[in-house]
Amino acid sequence: MTLFTVVLCFNLVAMAQISITGIVTNDSIPLESANIFIKSSLKGIATDSIGEFKLQAKKGDTLSISYLGYKTKEVVLDKTHNLDIKLEEDSFDEVVVIAYGNQTCTTLCCGGIRICETHIESKSNNKNKFFPNPSSNGIFQLQLNENYDNVEISIANMSGRIIQNSIHQKLDKNVEIDLSQYQSGIYIINIIADGNRLEPIKAVRG
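Residue numbering for the sequence shown follows the numbering used here, starting at 13 and increasing by one per position.
No lab work stands behind these hints, which were simulated from the structure alone.
Hints should not be assumed to be uniformly reliable.
Claimed, not checked - In silico lysine to aspartate or glutamate, EDC-like type, Cα no more than 20 Å apart, as pairs:
no.	residue 1	residue 2
1	K214	E188
2	K98	E188
3	K55	D73
4	K139	E64
5	K98	E44
6	K85	D96
7	K70	E44
8	K55	E158
9	K182	E164
10	K139	D96
11	K55	D39
12	K70	D90
13	K141	E101
14	K91	D60
15	K51	D39
16	K185	D161
17	K51	E188
18	K71	E44
19	K83	D102
20	K141	E164
21	K83	E100
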């Protein structure tokens with residue numbers, strides 16, 4: 013009984029939640045709205061205006077930290093509760109972009125001034141599609157670049173609070189993301205497809 017009690021207490025301590033605080037920077041510049049998630053889960057948060065964050069986790073959890081234009085970094089939680097995370101810029105060498113454009117021009121009535129506007133459509137390899145973004149009415153379409161058996165989608169506001177969760181089976185078509193009932197702003201779309209976390213998407217509700 014004594015040994016059982018000791019083992020039980022040890023397991024309870026090991027599973028206890030700990031409060032993690034930290035700051036995400038590029039050198040000394042704080043990164044606002046960087047994404048911090050506990051790997052293989054839907055739990056996460058975004059950094060505030062000075063790059064700081066706070067969340068509950070367990071010892072041994074792995075944090076995945078990402079920000080557009082920077083390399084994703086993973087941190088395994090140990091006894092350190094205050095994290096100073098520095099991200100490195102990503103060169104995007106592996107992204108191939110093909111642009112197709114057309115141009116429309118308008119001549120003003122006075123002075124013969126000609127103004128031209130180029131409309132460019134960009135296509136990149138192996139990218140999930142999320143459109144329209146920004147969306148004026150809050151309705152988005154998500155199209156994944158391959159079929160999955162199980163897709164979990166969670167949506168968080170900029171304070172890191174989860175506002176929507178959904179699960180989709182045998183997903184082979186577009187998923188409608190409806191943020192029409194929420195106020196204008198930026199929302200983070202988190203996706204776990206067949207157990208793998210995909211790159212988070214920033215949705216702009218116009």
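Hints, verified against the model:
no., hint, in the structure
1, K214 / E188, "15 Å, holds"
2, K98 / E188, "35 Å, violated"
3, K55 / D73, "11 Å, holds"
4, K139 / E64, "29 Å, violated"
5, K98 / E44, "13 Å, holds"
6, K85 / D96, "12 Å, holds"
7, K70 / E44, "24 Å, violated"
8, K55 / E158, "24 Å, violated"
9, K182 / E164, "11 Å, holds"
10, K139 / D96, "31 Å, violated"
11, K55 / D39, "27 Å, violated"
12, K70 / D90, "9 Å, holds"
13, K141 / E101, "23 Å, violated"
14, K91 / D60, "24 Å, violated"
15, K51 / D39, "24 Å, violated"
16, K185 / D161, "12 Å, holds"
17, K51 / E188, "25 Å, violated"
18, K71 / E44, "26 Å, violated"
19, K83 / D102, "5 Å, holds"
20, K141 / E164, "16 Å, holds"
21, K83 / E100, "6 Å, holds"
Of the numbered hints listed earlier, those contradicted by the structure are 2, 4, 7, 8, 10, 11, 13, 14, 15, 17, 18.
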